[in-house]
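Q: Use these hints to put chain B onto chain A, whose structure you have.
From first to last, the protein sequence lines stand for chains A and B. Under the numbering used here, the residue at position 216 of the first sequence is numbered 216, and the numbers go up by one with no gaps. Under the numbering used here, the residue at position 355 of the second sequence is numbered 355, and the numbers go up by one with no gaps.
Quick caveat, the hints were computed from the structure, so don't treat them as lab data. Mixed in with the good hints, there may be bad ones.
Same chains, same names: a pair is fine if it fits in one copy or spans any two.
Claimed, not checked - Listed below are the simulated BS3-like cross-link pairs for lysine-lysine, each with C-alpha atoms no more than 27 Å apart in a straight line:
id : residue 1 : residue 2
1  : K32       : K474
2  : K680      : K696
3  : K690      : K210
4  : K696      : K474
5  : K210      : K696
6  : K607      : K210
Next come the chains, spelled out residue by residue.
Protein chains: 2
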Amino acid sequence: MWWLGPVAAIIALGFARLFYQQMMRLSEGNEKMQFIAQAVREGAMAYLSRQYRVVSVVFAVLFGIFLILSYFKLQNPIVPFAFITGGLFSGLCGFIGMKTATNASARTAFAASKSLNDGLQVALRAGAVMGLVVVGFALLDITVWFLLLYYLFPVFLPESFISLAANPLPQITAVMLSFGMGASTQALFARVGGGIYTKAADVGADLVGKVEANIPEDDPRNPATIADNVGDNVGDVAGMGADLYESYAGSILATSALGVAAVGLSGVAFLDGKTELQAGLAYISAPITLAALGILLSIFAIYLVRTREDADQAALIGALSRGLYLSSIGIAVLSLPIVFLLGLPNWLAIWLCILAGLIVGIVVGKATEYYTSHAFQPTRDIAAQAHTSPATALIEGLAVGMESGGLPIAAIVVGIIFSYYVAGGAVNLLMGLYGVGIAAVAMLSTLGFTLATDAYGPIADNAGGNAQMAGLDKVVRERTDQLDAVGNTTAAIGKGFAIGSAALTSMALLAAYLEEVRLVLTELRGVNEVVIGNQVVNVTQMTMQNFMEYYNVTLLNPAVLAGLFTGVGTAFIFSSMTMRAVGRAAAGMVEEVRRQFHETPGILEGKEKPDYARCVAISTAAAQKEMIAPALAAIIVPVVVGVIFGIAGVLGLLAGTLATGFALAITMSNAGGAWDNAKKYIEIGEFGGKGSQAHKAAVVGDTVGDPLKDTAGPSLNILIKLMSMVSVVFAGLIVAFGNGQGLIGMFLH
Amino acid sequence: MWWLGPVAAIIALGFARLFYQQMMRLSEGNEKMQFIAQAVREGAMAYLSRQYRVVSVVFAVLFGIFLILSYFKLQNPIVPFAFITGGLFSGLCGFIGMKTATNASARTAFAASKSLNDGLQVALRAGAVMGLVVVGFALLDITVWFLLLYYLFPVFLPESFISLAANPLPQITAVMLSFGMGASTQALFARVGGGIYTKAADVGADLVGKVEANIPEDDPRNPATIADNVGDNVGDVAGMGADLYESYAGSILATSALGVAAVGLSGVAFLDGKTELQAGLAYISAPITLAALGILLSIFAIYLVRTREDADQAALIGALSRGLYLSSIGIAVLSLPIVFLLGLPNWLAIWLCILAGLIVGIVVGKATEYYTSHAFQPTRDIAAQAHTSPATALIEGLAVGMESGGLPIAAIVVGIIFSYYVAGGAVNLLMGLYGVGIAAVAMLSTLGFTLATDAYGPIADNAGGNAQMAGLDKVVRERTDQLDAVGNTTAAIGKGFAIGSAALTSMALLAAYLEEVRLVLTELRGVNEVVIGNQVVNVTQMTMQNFMEYYNVTLLNPAVLAGLFTGVGTAFIFSSMTMRAVGRAAAGMVEEVRRQFHETPGILEGKEKPDYARCVAISTAAAQKEMIAPALAAIIVPVVVGVIFGIAGVLGLLAGTLATGFALAITMSNAGGAWDNAKKYIEIGEFGGKGSQAHKAAVVGDTVGDPLKDTAGPSLNILIKLMSMVSVVFAGLIVAFGNGQGLIGMFLH
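Looking at chain A on its own, in the form it has when it is part of the complex (with noise of 0.2 Å):
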């Protein structure tokens, strides 16, 4: 069953392929279409050369820094390479999404001026690209290094890396998740450099070019205008692909971690008369083929979404909710008899976790649109105190974004508890977290179809771009705007996806980062027992109540409390950092574009060519500029945290970055979502259209909603799960200090 596994991935990798070629021979339409298409092209790919240059040295450092430990002996030497390998593939799929991506616009521009469902075809299979090669690389990684652990490494590297003899699998997933900490800090510079990026030349093509000059979006005579099409690219589509590339991986690996830990620790109860080995091999292999059923069913979906010719907006929407519902109904089925097959002895239970997440997932996606739709009320209040005043507009915008998250929250505590009770948490807490990682794998393994539809908006977006940009006819901008806004809700619903799995995700790592401490306490550190309260514990032996109690991991522990804090306040600083840094840049941006108006008015009159490079220049430095105090400040604060509280101030730091990262990521994407969308409902004519004053009030809260949504929200993500794997790859330098106590521990007890 775990063969399902590899021959799933390259199946992926195989149909991702198909679908580039078939792209690929498609028409790129007039001469002015591919040389706008060159032009963004170009500029996407200097800058993903440029952030791919920076980050290099970040993870030659890191390697470093690995390779140091490990001689130490406080990490294990397979380590720096599983973690360049991480941060390898991930960038390797943001880099064929956009190469897909910047390839697909003119053509689908093209596309759609044959047909709706043409530009919808064309989009919806680049951006399936996309999807499959995310799902099919993370899923060959994890297969390919769990056949070298498990079958070549013990036999060149049998002393530093295997002495549990009988069963290796522990070392084996610890190992592996240090692949996703190189995929997270991968994930992260991407998201937050794309962020940055695409966000500066929108703001900035948007406050002079719609508000000043009153010439229209992606207009030809705005320097801005190139820049903002690379940005869709560097950001939605090469940001967000190493964003899920992460969130994937991460679920999957996580969860076999606990699947492993929860029977080496459970006696006899979930073994089922198989060895210790063997029910740990079922255990990892039930993520494996889950995902690997979500790929064959996601492609099977991919083939489904057609549209007549007379779609509206809802039309479209339920072409691609189809494929969303259809695929997730053949999970729910499908998944019955392999878990049985698996021979797991809780196979129900782990089914009805596969629910759950299913349902958490749908309910998150369903409550985001709910916020963000313009279909629905709170969007619509939006726009009505837009017609008030942009304060107004403002305040409410915020206060939707902060209700928002009441839903998704009730939905992931009422999945979280379901979950870890059915799969036997009172019994076995690892057995618990095991369901919850389930229910996370579950609610990611429509990837391959939902990052598709996701990756379809700023393709869409950019095919609109290049139509307006060329004069096409007034038809096909229609057109591609259909596509694109229904591309804002999918877009929104895929981050609610990514940020609810991560919320589920992250409670197994808390568990997999207590069981990387043991073992880097019995391998690496030769610690067999310790003593707790009276007695004395054998530490492979020890539960996680032990390790609660040893490391005194309780809320009146001042150093849970002081981490915790710490947690809350890096969420804010980091968000703060990182609009911090879309506002510099997009007012470098505004001050570029206006110089331009200024300096050579022939460009306002359609007789200059306005210099785009510029603009693109501008955006890619600033952005390469501003990535790196977040990133680096989200890789030193669980290390430094953790040297000082020790564990205890680890789990308190990852706990309060977790809750209100979850919070104020799904305020900041939903306010944001929510004013481009009431902006929007007020262009189809509601509150007196465009060019009222509604309108321009609206146009700030979008403009505001920006930085929010695609820069500080998306980026918060990450930054919970970065710090999660940091934590778990440092866990040896951490337990140097005082068996863990830290600094404190040492010196104050």
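A: Using the frame of chain A, we list chain B on its own:
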């Protein structure tokens, strides 16, 4: 030494009476001034009486619930009465403060027509009435209740009250905490209702008056101007008074409870040859005498404040800061002999905690000043971004707000860790938390003075309004403006103190909550032994660690995480509710003002008098209606979480609300303050000055900031503590469900 408490309380009330009488003897100026003052007075009193009517109903219901709980032996029979008195005195403070403030505004305007110093003296001493009434009543109530419980009630209610014959202190401090819940409940309604009132009127007046009709602030032609001035009184005076009454009383009560509990569990460590009762009394006396000392020094400081006629902004802030610094230094010096004479075995450590509290308070205050005063970079950056557009000013302001929590969080974390360990937390967890509580009491010890400078702000503001509307000489308005501007900074610092002390007090409340649970188990439910792990533990001897184990309060318990998520969500949703309430109420006000301008064109020409009363009525009705839902949510959530998830869930909930609420409150308060002062910075001539595009953009920021800084932010402060208090008071009910394991524990374990 303990008697210093009631004596200082009576002195405070005596001086308050003196200052009030002195103020009332001054002239209220000409007839027009008196008329305006009368209108504001009537509006304010009308509002307050309606608010108290609504609150009375809530109190009656809660009183009934507590009676029922007492009847079923789920709560002590004295609790309902203690609860009522807390609410009563808190309301009384608000009433007296507002009566003074509304009588002082015209008198301040009249005094300011003579000289700046005269204006300052009248406003400050009127503010001092409020400051001294709050600290005086709080300390009097605490000491009188203590005397009653200690000497009288055992005689009349021997059986149902005190079974711990040797040491009744744990029972007494537990009952007195419910007095804190009364104060918190009153405070929440006052803050939320007052906050909605004041900002609805303010936003409404500004949006139509300043932005649309282009008439200056406080122009008599603006129909909402009286409501705006009433709002300053009901929100910033009555609301703030109730708020800080609660903070002040809460910190003393929680610290006392911890002192008693710490002694009870310390063995001989903190007895120093005394009996438990004697040592407990000493630890109770420490916060009370510290507060008494602070009162005496506050009165001294009020007499110190005076200014020269040519004083600028810095000189005025200097005059007020001098008072704060001198009284802080006085406390630092004089508290050393006091804690020594109290005979505390760890007197030097407790004194260090007092110093820590004073220093954390000053750091939080200074950080607030840095982020909100336009003498510093952050606010100037917002002004610079306003030069670009409203949207960038808003992004920058949100970012500044989010960043501004960093330093206070760091100060609080260091303060907690320092106080905890220096007081002896490594030996006795409760004594460590007692040290943290003492730091909170020290931070608030100068409240008599800081609250005077706080309440002085709205008085000066109203004096300015009075001068403007009465058409006094321009120099009067300039002087009151100068006084008012300083008030903005003192108000921001006051909010910093309130939220900082809330964070410190809440830690103490977490432990006090478990102490209450202990009493419920032993006294009300007759549970004398529980099984933890394999051991039978006597409940009266359970350590905090035992509680953590018994209720499984670790970060890997899904009930704790469910509580944590719920707590974070509650903070966000509560903020959303209060902000939307302001938005809705303000929209009603905008419509009314527009209607009056439209239907009676004579108003804007100055020929006809606008209908002030109608605007006052709109704000009043809206505030009444809108305050109910958020206030009830704060009371219901902890009970529901407790019933479902048990003690573990409640502790997670409180930690989540505390950590997130703290960061969110600072973010909102400081973002609002910074926008306000960025506008003021532009008004003094930067970036184009009044009437420029930058100014208009800054006005949008200021308006968005209004409900954040004056409604949602300060309300969160009380939300945090009310939820803790509710948990303490309803502990009996929660423990009734599976001894505090909750429904989850009863049915799933």
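Q: The structure should be examined with respect to each hint, and the outcome stated for every one.
A: Verification of the hints:
1. K32 - K474: within (16 Å within a copy, 65 Å between copies)
2. K680 - K696: Both: 12 Å inside a chain and 25 Å across chains, each within 27 Å.
3. K690 - K210: both (11 Å within a copy, 25 Å between copies)
4. K696 - K474: Classified as within; 24 Å inside a copy, 37 Å across copies.
5. K210 - K696: Intra 10 Å, inter 19 Å, cutoff 27 Å: intra and inter.
6. K607 - K210: within (19 Å within a copy, 42 Å between copies)
Hint violations for this structure: none, all hints satisfied.
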